[in-house]
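Here full-length UniProt numbering is used: the first residue of the sequence shown is 1, the next is one more, and so on.
Accuracy of the hints is not assured; some may be wrong.
Derived DSS-like pairs: lysine-lysine, alpha-carbon spacing no greater than 27 Å straight-line [said to hold, decoys possible]:
no. : residue 1 : residue 2
1   : K114      : K80
2   : K154      : K53
3   : K39       : K53
4   : K4        : K53
5   : K55       : K80
6   : K95       : K80
The hints are simulated quantities; they were obtained by calculation from the structure and are not laboratory data.
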Amino acid sequence: MASKQEIRSEETKRAILTAAADLFATRGFETVSIREIAKAAGCSHTTLYIYFKDKEALLHHLSKEPLQSLTLQMEETLSKQGRTPEENLREISSKFIHFCLRNRTMYTLFFMIKASRIDVEEPEKELQTLRNQLFGLLRQAVRRCLPSDIEEEKALAHARIYFYTLHGIVGSYTHSEEPLDSLMERLAPTFALSVDVFLAGSQKIMNRE
(Lines of atoms letter the chains of each structure in order from A; the text may use other names.)
(Lines give C-alpha, C1' and ligand atoms only; values in the text may rest on other atoms or scores of the structure.)
Protein backbone atom coordinates (compact mmCIF):
# COMPACT_ATOMS: atom_id res chain seq x y z
CA MET A 1 0.00 0.00 0.00
CA ALA A 2 1.34 3.41 -0.98
CA SER A 3 2.23 5.83 1.77
CA LYS A 4 0.60 9.27 2.10
CA GLN A 5 3.82 10.85 0.84
CA GLU A 6 3.86 8.61 -2.24
CA ILE A 7 0.22 9.42 -2.94
CA ARG A 8 0.86 13.16 -2.63
CA SER A 9 3.91 12.84 -4.85
CA GLU A 10 1.90 11.09 -7.56
CA GLU A 11 -0.89 13.65 -7.28
CA THR A 12 1.63 16.48 -7.68
CA LYS A 13 3.15 14.83 -10.72
CA ARG A 14 -0.28 14.38 -12.32
CA ALA A 15 -1.16 18.00 -11.58
CA ILE A 16 2.06 19.18 -13.24
CA LEU A 17 1.40 17.08 -16.34
CA THR A 18 -2.22 18.27 -16.57
CA ALA A 19 -1.16 21.89 -16.22
CA ALA A 20 1.60 21.47 -18.81
CA ALA A 21 -0.74 19.81 -21.30
CA ASP A 22 -3.35 22.55 -20.91
CA LEU A 23 -0.85 25.40 -21.21
CA PHE A 24 1.07 23.85 -24.10
CA ALA A 25 -2.18 23.26 -25.99
CA THR A 26 -3.64 26.72 -25.43
CA ARG A 27 -0.57 28.96 -25.50
CA GLY A 28 2.11 26.96 -27.28
CA PHE A 29 5.14 25.07 -26.06
CA GLU A 30 7.68 27.82 -26.65
CA THR A 31 5.83 30.63 -24.86
CA VAL A 32 5.00 28.82 -21.62
CA SER A 33 7.51 28.95 -18.78
CA ILE A 34 8.27 26.39 -16.08
CA ARG A 35 7.14 28.89 -13.45
CA GLU A 36 3.76 29.27 -15.18
CA ILE A 37 3.30 25.50 -15.30
CA ALA A 38 4.19 25.20 -11.62
CA LYS A 39 1.76 27.97 -10.69
CA ALA A 40 -1.07 26.31 -12.64
CA ALA A 41 -0.24 23.00 -10.96
CA GLY A 42 -0.31 24.56 -7.50
CA CYS A 43 3.32 23.92 -6.65
CA SER A 44 6.62 25.78 -6.67
CA HIS A 45 8.96 25.68 -9.66
CA THR A 46 11.57 24.00 -7.45
CA THR A 47 9.08 21.22 -6.73
CA LEU A 48 8.42 20.83 -10.44
CA TYR A 49 12.13 20.33 -11.08
CA ILE A 50 12.08 17.34 -8.71
CA TYR A 51 9.91 15.51 -11.24
CA PHE A 52 10.92 17.00 -14.59
CA LYS A 53 14.23 18.58 -15.48
CA ASP A 54 12.80 20.89 -18.18
CA LYS A 55 9.93 21.47 -20.60
CA GLU A 56 11.25 18.87 -23.02
CA ALA A 57 11.01 16.24 -20.30
CA LEU A 58 7.37 17.24 -19.82
CA LEU A 59 6.77 17.07 -23.57
CA HIS A 60 8.31 13.61 -23.72
CA HIS A 61 6.28 12.32 -20.79
CA LEU A 62 3.03 13.66 -22.25
CA SER A 63 3.73 12.17 -25.68
CA LYS A 64 5.39 8.83 -24.99
CA GLU A 65 2.47 6.62 -23.96
CA PRO A 66 -0.03 7.87 -26.60
CA LEU A 67 2.53 7.53 -29.41
CA GLN A 68 3.56 4.06 -28.24
CA SER A 69 -0.11 3.02 -28.23
CA LEU A 70 -0.57 4.28 -31.80
CA THR A 71 2.60 2.49 -32.87
CA LEU A 72 1.26 -0.79 -31.49
CA GLN A 73 -2.06 -0.35 -33.31
CA MET A 74 -0.30 0.32 -36.59
CA GLU A 75 2.06 -2.65 -36.14
CA GLU A 76 -0.94 -4.91 -35.55
CA THR A 77 -2.56 -3.65 -38.74
CA LEU A 78 0.56 -4.28 -40.81
CA SER A 79 0.89 -7.80 -39.45
CA LYS A 80 -2.62 -8.85 -40.50
CA GLN A 81 -2.71 -11.69 -43.01
CA GLY A 82 -5.01 -12.33 -45.95
CA ARG A 83 -5.41 -8.67 -46.89
CA THR A 84 -4.10 -6.59 -49.75
CA PRO A 85 -1.43 -3.94 -49.15
CA GLU A 86 -3.98 -1.32 -50.19
CA GLU A 87 -6.43 -2.49 -47.51
CA ASN A 88 -3.72 -2.30 -44.86
CA LEU A 89 -2.73 1.19 -46.02
CA ARG A 90 -6.34 2.36 -45.76
CA GLU A 91 -6.70 0.96 -42.25
CA ILE A 92 -3.38 2.26 -40.98
CA SER A 93 -4.22 5.69 -42.40
CA SER A 94 -7.61 5.66 -40.70
CA LYS A 95 -6.02 4.78 -37.36
CA PHE A 96 -3.49 7.58 -37.73
CA ILE A 97 -6.14 10.18 -38.62
CA HIS A 98 -8.47 8.97 -35.84
CA PHE A 99 -5.66 9.20 -33.28
CA CYS A 100 -4.66 12.70 -34.33
CA LEU A 101 -8.22 14.04 -34.34
CA ARG A 102 -9.01 12.37 -31.01
CA ASN A 103 -5.97 14.16 -29.61
CA ARG A 104 -6.37 17.32 -31.68
CA THR A 105 -5.43 19.68 -28.82
CA MET A 106 -2.17 17.74 -28.39
CA TYR A 107 -1.51 17.03 -32.06
CA THR A 108 1.08 19.76 -32.52
CA LEU A 109 2.88 18.68 -29.36
CA PHE A 110 2.93 15.04 -30.39
CA PHE A 111 4.29 15.58 -33.88
CA MET A 112 5.66 19.07 -34.47
CA ILE A 113 7.35 20.51 -31.39
CA LYS A 114 11.13 19.94 -31.30
CA ALA A 115 10.80 17.77 -34.41
CA SER A 116 13.68 16.77 -36.66
CA ARG A 117 13.98 14.73 -39.86
CA ILE A 118 11.66 11.74 -40.05
CA ASP A 119 14.02 9.55 -42.06
CA VAL A 120 16.99 9.59 -39.67
CA GLU A 121 17.62 6.12 -38.28
CA GLU A 122 19.01 7.22 -34.90
CA PRO A 123 17.68 10.65 -33.89
CA GLU A 124 19.11 12.31 -30.80
CA LYS A 125 15.84 12.62 -28.88
CA GLU A 126 13.73 9.69 -27.72
CA LEU A 127 10.51 11.47 -28.66
CA GLN A 128 11.74 11.86 -32.21
CA THR A 129 12.54 8.15 -32.24
CA LEU A 130 8.85 7.44 -31.55
CA ARG A 131 7.81 9.83 -34.30
CA ASN A 132 10.23 8.22 -36.73
CA GLN A 133 8.94 4.76 -35.86
CA LEU A 134 5.44 5.88 -36.83
CA PHE A 135 6.74 7.26 -40.10
CA GLY A 136 8.60 3.98 -40.64
CA LEU A 137 5.35 2.03 -40.33
CA LEU A 138 3.58 4.32 -42.78
CA ARG A 139 6.58 3.98 -45.05
CA GLN A 140 6.29 0.18 -44.91
CA ALA A 141 2.58 0.35 -45.71
CA VAL A 142 3.18 2.62 -48.69
CA ARG A 143 6.16 0.56 -49.89
CA ARG A 144 4.07 -2.61 -50.05
CA CYS A 145 1.64 -0.86 -52.41
CA LEU A 146 4.41 0.05 -54.85
CA PRO A 147 6.17 -2.19 -57.42
CA SER A 148 8.82 -4.41 -55.86
CA ASP A 149 11.50 -3.10 -58.23
CA ILE A 150 11.05 0.59 -57.41
CA GLU A 151 14.19 2.33 -56.22
CA GLU A 152 14.24 2.85 -52.46
CA GLU A 153 14.90 6.55 -52.82
CA LYS A 154 11.76 6.93 -54.93
CA ALA A 155 9.77 4.75 -52.54
CA LEU A 156 10.86 7.01 -49.68
CA ALA A 157 9.76 10.08 -51.66
CA HIS A 158 6.30 8.56 -52.16
CA ALA A 159 6.09 7.75 -48.44
CA ARG A 160 7.03 11.30 -47.51
CA ILE A 161 4.37 12.71 -49.81
CA TYR A 162 1.78 10.43 -48.25
CA PHE A 163 2.91 11.38 -44.74
CA TYR A 164 2.53 15.06 -45.61
CA THR A 165 -0.92 14.30 -47.04
CA LEU A 166 -2.08 12.74 -43.78
CA HIS A 167 -0.78 15.66 -41.77
CA GLY A 168 -2.52 18.04 -44.16
CA ILE A 169 -5.81 16.23 -43.58
CA VAL A 170 -5.38 16.32 -39.82
CA GLY A 171 -4.28 19.95 -39.82
CA SER A 172 -7.50 20.95 -41.57
CA TYR A 173 -9.55 19.82 -38.57
CA THR A 174 -7.36 20.34 -35.50
CA HIS A 175 -9.34 23.43 -34.51
CA SER A 176 -12.73 21.98 -35.36
CA GLU A 177 -15.17 21.67 -32.45
CA GLU A 178 -17.15 18.93 -34.19
CA PRO A 179 -17.26 15.72 -32.10
CA LEU A 180 -14.83 13.04 -33.21
CA ASP A 181 -17.44 10.39 -34.08
CA SER A 182 -19.41 12.86 -36.19
CA LEU A 183 -16.27 14.12 -37.90
CA MET A 184 -15.00 10.63 -38.73
CA GLU A 185 -18.38 9.46 -40.00
CA ARG A 186 -18.87 12.51 -42.19
CA LEU A 187 -15.39 12.56 -43.66
CA ALA A 188 -14.54 8.84 -43.78
CA PRO A 189 -15.35 8.60 -47.52
CA THR A 190 -13.10 11.61 -48.22
CA PHE A 191 -10.29 10.11 -46.16
CA ALA A 192 -10.64 6.81 -48.04
CA LEU A 193 -10.66 8.63 -51.37
CA SER A 194 -7.42 10.40 -50.47
CA VAL A 195 -5.73 6.99 -50.24
CA ASP A 196 -7.07 5.98 -53.64
CA VAL A 197 -5.99 9.29 -55.20
CA PHE A 198 -2.50 8.91 -53.77
CA LEU A 199 -2.17 5.34 -55.05
CA ALA A 200 -3.54 6.25 -58.48
CA GLY A 201 -1.19 9.21 -58.71
CA SER A 202 1.81 7.13 -57.68
CA GLN A 203 0.95 4.50 -60.26
CA LYS A 204 0.59 7.11 -63.00
CA ILE A 205 3.97 8.64 -62.16
CA MET A 206 5.68 5.25 -62.17
CA ASN A 207 4.09 4.33 -65.51
CA ARG A 208 5.30 7.62 -66.95
CA GLU A 209 8.84 6.92 -65.78
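Hint by hint, here is what the structure shows:
1. For the given pair, K114 sits about 33 Å from K80 by alpha-carbon distance, which is inconsistent with the 27 Å threshold.
2. This hinted pair does not check out: K154 and K53 have alpha carbons roughly 41 Å apart, beyond 27 Å.
3. Under the criterion of a C-alpha separation no larger than 27 Å, the hint pairing K39 with K53 is consistent with the structure, at around 16 Å.
4. Proposed proximity of K4 and K53 is supported: the alpha carbons are some 24 Å apart, at most 27 Å.
5. Under the criterion of a C-alpha separation no larger than 27 Å, the hint pairing K55 with K80 is inconsistent with the structure, at around 38 Å.
6. Restraint check for K95 and K80: the C-alpha separation of about 14 Å stays at or below 27 Å, so the hint holds.
This entry does not satisfy hints 1, 2, 5, going by the numbered hints stated previously.
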